[in-house]
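Those sequence lines, one after another, are chains Y and S. By our numbering, the letter at position 109 of the first sequence is numbered 112, and the numbering carries on one by one without gaps. By our numbering, the letter at position 275 of the second sequence is numbered 278, and the numbering carries on one by one without gaps.
Honestly, I wouldn't trust all of these hints.
Just so you know, same-sequence chains aren't split out, so a pair can sit in one copy or run between any two.
To be verified - As a list, the in silico DMTMM-like pairs of lysine to aspartate or glutamate whose alpha-carbon atoms are at most 20 Å apart:
#: 1; residue 1: K339; residue 2: D85
#: 2; residue 1: K100; residue 2: D80
#: 3; residue 1: K171; residue 2: D335
#: 4; residue 1: K142; residue 2: D231
#: 5; residue 1: K100; residue 2: D42
#: 6; residue 1: K100; residue 2: E27
#: 7; residue 1: K271; residue 2: E145
#: 8; residue 1: K339; residue 2: D113
#: 9; residue 1: K271; residue 2: D168
#: 10; residue 1: K275; residue 2: D80
#: 11; residue 1: K276; residue 2: E295
#: 12; residue 1: K196; residue 2: D348
#: 13; residue 1: K271; residue 2: E59
#: 14; residue 1: K338; residue 2: E73
#: 15; residue 1: K265; residue 2: E203
#: 16; residue 1: K339; residue 2: E180
#: 17; residue 1: K196; residue 2: E165
#: 18; residue 1: K271; residue 2: D102
Note that these hints are calculated values from the structure, not bench results.
2 protein chains.
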Amino acid sequence: MTERIGPAPGYRRIATEEAFIPPELHRIYVDLATSGGIDDPGFISLMGYYLTSTSERARNVSERLQDLGERRLADMDAAGIDMQILSLTSPGAQVLKPDLAVAMARLANDRVADAVRRHPTRFAGMIAIAPQNPAEAVKEIERGATRLGLKGIMINSHTQGEYLDNPKFWPIFEAAEALRLPVYLHPNTPPAKMIQPFLEAGLDGAIYGFAVETGLHMLRIVTQGVFDRFPNLTMVVGHLGEALPFWLFRLDYMHRGTVMSKRYDFMKPLKKKVSDYLRENFYYTTSGMPWEPAITFTQSVIGMDRVMYAMDYPYQYVPEEVLAQDALPISDADKKRFFQTLAEDVFRL
Amino acid sequence: MTERIGPAPGYRRIATEEAFIPPELHRIYVDLATSGGIDDPGFISLMGYYLTSTSERARNVSERLQDLGERRLADMDAAGIDMQILSLTSPGAQVLKPDLAVAMARLANDRVADAVRRHPTRFAGMIAIAPQNPAEAVKEIERGATRLGLKGIMINSHTQGEYLDNPKFWPIFEAAEALRLPVYLHPNTPPAKMIQPFLEAGLDGAIYGFAVETGLHMLRIVTQGVFDRFPNLTMVVGHLGEALPFWLFRLDYMHRGTVMSKRYDFMKPLKKKVSDYLRENFYYTTSGMPWEPAITFTQSVIGMDRVMYAMDYPYQYVPEEVLAQDALPISDADKKRFFQTLAEDVFRL
């Protein structure tokens, strides 16, 4: 960090993909990653690194993840961040056995709600769930929204190799739509049945595997008709949509051709084009992508009103990246939308 | 097709990713895809569809792939294509047992050389190889370049789950660099150890799996130091670089952090940034991506001088897409570069 960043002129900076972990779950992760007691090579690769490495980067991330108080607030102040929308770090409770997962999601939600109560102008929070028990996930969504005042649902891509286009998970979407809670689809490392060619080259994590896994998940949700069934469901994705904005034309072309050809009997016609869902049901954050060409490209092909700021604290705590986004070549009104009011609207802050 | 497209004013249109298959290999593919005699679910999904489906799209593709004469020339005339640079369709000889693969690559190269001899102003060709036998592949590259007059090397991503960053394949790069032949890295479906989450949703092919598989392959080649070892090696990729231009910032950021952290002992420092190799060692074609926003984005972040035209005949034979690219918002000089002279330079036509 080279400088202290002051308040922005004319807008509050709300960061929308900001991670934490309760120390209890941190200990469980360390045990899982080091004991071999989990059949998830991506988890072992990622969390084995972040939680047990002695490198400066890993230690910094590990310590900051566990803080929901003064250290985090000081980092936010130094980087000019007015508010963080907190979420349980990937892969959340999704790697745990169902009963433990349900308990850990509840614990995480109690902790984030407590942080919001202590610092209501600086923090908002999303609901962690255990999708491996959809009925309990729905209960926790209802508790999080009505009793804890949380503002969205965080899901870290696949749950032990299963994807949300599987109808057994659709009660989660039904609850989200009914309660008007956006579902943030955050990356996870690819599942065991996909990760090998990434892992053997060190490309399984944020450098590439995250994007592929999450882009695939978005497309599965769209093409299996989730938004035809839940047209008012809103999702949020980071990293500027995992590059799907780049593919809009090709996705429409290939989806239309594939459906027409009846190549897969489970790929049915949709009410709208793939790109329509990507423009009308998804919002996009700039987590990890503080790069003007990709931001303005996404704004132009998706819509100025669909792209908002995120930092990805503490994984990418780079205050200079805030200044880079302050300097985006967009109007003052669009900048206030980008940093503040779009997040306020989407998460109903 | 709605209209006949005339010659362009001021440039020849050279299409650079245009596929064919010898009827002998077509029959082998049909046998493989229908007999279950191959452990490659992506091949069975893709070629089982294109070569055996009775849908109009599949029949059209299957018939056109096998023609290197009048039908193809008539299609080129109707679409205003002056020249096709021909290549053996994906996955080429790469799915076959080694001896058969070597023989089929030779057969394909003899056929394409014959087509070029018959129509030297309309066709150029690339060399098919069997990477599963690197020594024979090198011999065939030398034969293709010196005796057959072919202009590049076509490799269809992974070879039975193996990637070109494996040093056993590096004699192929050495020969390509020595003979100044560009290596065109074309998509294949993901290998068995990766494809399952794509396949179960019908997303294994051109709609998404192709892009992921090829983007991963590009990154493996870059990050394992192929271009530090062969700095004058030139590669060509389709589909506007499989979206890697969208990721330039993040690839550099994450690669730098990963190398510094020593998270993977096999991920070594490189002489240059990942984005430098993507800008200096790769050329990009518009196959399947006739969409102005993505083309101009790629031109702006990679370089106007690195992006050239391709159609992806016969898979995406849509003459209107030629007109869409005639209408790109670039200067006449840049358009001539895009459609004609860049291909002439890269392939040394």
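Checked against the structure, which of the hints given earlier come out wrong? Hints 2, 3, 4, 7, 8, 10, 12, 14, 16, 18 are the ones this structure does not satisfy, whereas the remaining hints hold.
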